[in-house]
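Student: Residue numbers (the UniProt record's numbering), protein chains in the order written: chain A, 1 to 274; chain B, 1 to 274.
Since the hints were made in silico from the structure, they are not lab data.
For each residue, glycine too, the CB sits at the ideal point set by N, CA and C.
Any given hint could be a false lead.
[Unchecked claim] Dumping the calculated SDA-like pairs for lysine to any residue here, alpha-carbon to alpha-carbon at most 25 angstroms: (1) 211(A) to 243(A); (2) 20(A) to 162(B); (3) 162(B) to 234(A).
[To be verified] If the Cβ cut is set under 7 angstroms, some of the chain B residues that face chain A in the computed set are: (4) 7; (5) 8; (6) 11; (7) 15; (8) 102; (9) 144; (10) 168; (11) 170.
[Said to hold, decoys possible] Label-pair distances were calculated between CB atoms; the ranges are: (12) 87(A) to 29(B): 35 to 43 angstroms; (13) 19(B) to 58(A): 25 to 33 angstroms; (14) 105(B) to 34(A): 33 to 41 angstroms; (15) 2(B) to 218(A): 47 to 55 angstroms.
Protein chains: 2
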Amino acid sequence: MKRTERVGAIIRILSENPCKPYSLGYFCDLFSAAKSSISEDIQTAKQILAGMELGIIETTAGAGGGVRYVPHISEKDAMELLDHICEKLRDKNRILGGGFLYTSDLMFDSNIVKRAGEIFARRFMHQNADYVVTIETKGIPVALMTAHMLNLPLVVIRRESKISEGSTVSINYFSGSTERIQKMSISKRAVTPGSRAIIIDDFMRAGGSIKGISDMLSEFEIENVGTGVVIASTEPQKKKIQDYFPLIYLGPVDENGKTIEVFPNSLIFCKKDL
Amino acid sequence: MKRTERVGAIIRILSENPCKPYSLGYFCDLFSAAKSSISEDIQTAKQILAGMELGIIETTAGAGGGVRYVPHISEKDAMELLDHICEKLRDKNRILGGGFLYTSDLMFDSNIVKRAGEIFARRFMHQNADYVVTIETKGIPVALMTAHMLNLPLVVIRRESKISEGSTVSINYFSGSTERIQKMSISKRAVTPGSRAIIIDDFMRAGGSIKGISDMLSEFEIENVGTGVVIASTEPQKKKIQDYFPLIYLGPVDENGKTIEVFPNSLIFCKKDL
């Protein structure tokens with residue numbers, strides 16, 4: 001097998017399995033090649049992806065040395081994605097009754113949520129989380145993609161406790177969007193006390209759901225080490241949680257309004273994350 | 001830029017965007033290279049992926065000629081995945097009351113559902129579908145990954161009609177699993193009359209949900225051109241739908257039983273699909 005072939009296959013295998021560690025020996029066996037050749041191939045693969053900002057290949061030296069692919073969306077690609085979502089959101093046909101906006105097509109678009117997941121992964125990469133947590137339904141795709149990019153399990157909180165979830169813990173919380181008390185429940189089997197979670201959701205108004213998830217996780221002594229939402233509304237200004245990372249801000253939706261005010265979070269990659 | 005670098009980058013870009021067509025010109029511009037060089041690079045990329053059964057690169061010749069990556073999970077990798085899921089399912093701690101089995105961890109495991117999505121994509125690739133359709137909640141991850149592999153939109157049917165879905169159409173159906181009448185609703189905005197859909201779900205017992213989805217789609221003159229489920233129970237033998245494609249069969253779950261009877265569909269890739 002030639003060098004180009006090995007490098008191409010290494011890029012394909014690593015980038016399809018983000019954050020999954022591979023030993024050098026795995027590739028030596030796969031290509032029947034010496035460790036020195038594989039090391040060179042991996043260096044080449046690393047330079048290719050880094051040069052085009054298509055991802056980072058991390059290597060650790062020594063006897064137990066290995067290699068893994070870390071997703072890395074460029075600032076340019078990230079801003080292009082956010083501009084694309086904003087443009088879609090400005091379509092006035094999206095306005096529903098009650099100040100709601102139709103967003104299901106965007107939240108169920110695999111290409112959009114995959115790239116959004118790459119942004120969340122880049123932001124929360126160093127939080128040493130044990131899971132990604134979301135609440136059904138529209139946040140599941142973006143949370144799944146974030147979990148995939150970070151090679152973490154996804155935990156989905158249900159609105160109702162289901163027999164298929166086994167024993168659950170439930171809480172009631174006040175949802176500002178629906179203006180009523182809602183319930184959420186988590187399967188005891190899904191989580192381990194003392195662990196760390198990233199919360200990902202599609203939309204946040206006052207933050208009642210996120211606060212509820214955080215409270216419920218703390219019942220298991222699980223720490224919320226990061227919160228990402230695709231869209232955060234600018235109103236109310238006072239939120240129930242302080243520390244959250246939105247991709248897009250949405251102004252108040254007026255049913256008779258002429259425009260939908262929506263703009264990207266221009267600080268998605270501040271210096272400390274680079 | 002050297003040949004190896006171009007081939008590596010082409011593999012990365014195409015394989016991250018399954019079934020998305022790219023023009024040769026796109027890569028000419030990206031690498032400032034001549035069409036003849038890019039054509040050769042693509043041929044090399046194609047041979048690398050084909051040789052290792054990591055995917056298929058399809059090219060169309062002529063002035064509007066282009067290239068796309070078609071996912072292709074090998075029969076060996078597919079069977080390994082199914083064996084892995086079966087092994088996990090045989091854990092007796094999964095047995096819940098009422099003959100249910102805990103499967104949420106598997107259905108929310110991004111690596112498992114991604115590969116299952118590749119199997120469904122390979123099976124339904126030539127159905128010329130316009131969407132992948134599922135019903136909340138546990139089928140969403142595998143349906144999303146299937147949609148991603150086929151570059152199709154995902155449509156998620158809700159249990160209750162939500163204001164954030166706009167106008168909806170609802171039906172009542174009999175669910176054998178819960179032994180009661182349930183409701184499902186679909187957003188009118190999500191679908192176009194006269195189109196074609198693939199239905200993907202996590203679990204099927206008698207097929208009531210799938211039949212319900214199919215009936216609801218036919219209200220919009222949408223044809224069901226394929227149905228895939230991750231797990232199908234062997235009981236009842238008589239299903240409400242005839243044509244479905246399961247990855248795994250599950251025997252009756254006896255709460256006091258010593259074993260969980262589960263086995264892979266050994267005919268996942270019959271000759272006609274190759």
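Student: Against this structure, judge whether each hint is valid.
Tutor: Taking the hints in turn, this is what the structure says about them:
Between the alpha carbons of residue 211(A) and residue 243(A) the distance comes to roughly 11 angstroms, so the proposed pair stays at or under 25 angstroms and holds. The hinted pair formed by residue 20(A) and residue 162(B) fails the criterion: a straight-line CA distance of about 38 angstroms is larger than 25 angstroms. Between residue 162(B) and residue 234(A), the direct Cα distance comes to roughly 22 angstroms. Compliance with the 25 angstroms bound is thereby established for this hinted pair. Nearest Cβ of chain A to the Cβ of residue 7(B): about 5 angstroms, under the 7 angstroms cut. The hint holds.
This hint holds: residue 8(B) has a C-beta 4 angstroms from the nearest C-beta of chain A, less than the 7 angstroms allowed. Given the 7 angstroms rule on beta carbons, the hint for residue 11(B) holds: about 5 angstroms separates it from the nearest Cβ of chain A. Among the interface hints, the one on residue 15(B) holds; its C-beta lies about 6 angstroms from the nearest C-beta in chain A, closer than the 7 angstroms criterion. Hint status for residue 102(B) relative to chain A: holds, with the closest Cβ pair at about 5 angstroms, below 7 angstroms.
With a cut of 7 angstroms, the hint placing residue 144(B) at the interface with chain A holds, because the nearest CB-to-CB distance is about 5 angstroms. For residue 168(B), the shortest C-beta to C-beta distance to chain A is roughly 11 angstroms, which exceeds 7 angstroms, and the interface hint is violated. Here the hint on residue 170(B) is broken, as its CB sits about 16 angstroms from the closest CB of chain A, past 7 angstroms. Range check, residue 87(A) to residue 29(B): about 23 angstroms between beta-carbon atoms, so the 35 to 43 angstroms window is missed.
Range check, residue 19(B) to residue 58(A): Cβ separation about 30 angstroms, and the 25 to 33 angstroms hint holds. At about 40 angstroms, the CB distance of residue 105(B) to residue 34(A) agrees with the hint of 33 to 41 angstroms. Separated by about 53 angstroms at the C-beta atoms, residue 2(B) and residue 218(A) satisfy the suggested range of 47 to 55 angstroms.
Hint compliance for this structure: hints 2, 10, 11 and 12 are broken, all remaining hints hold.
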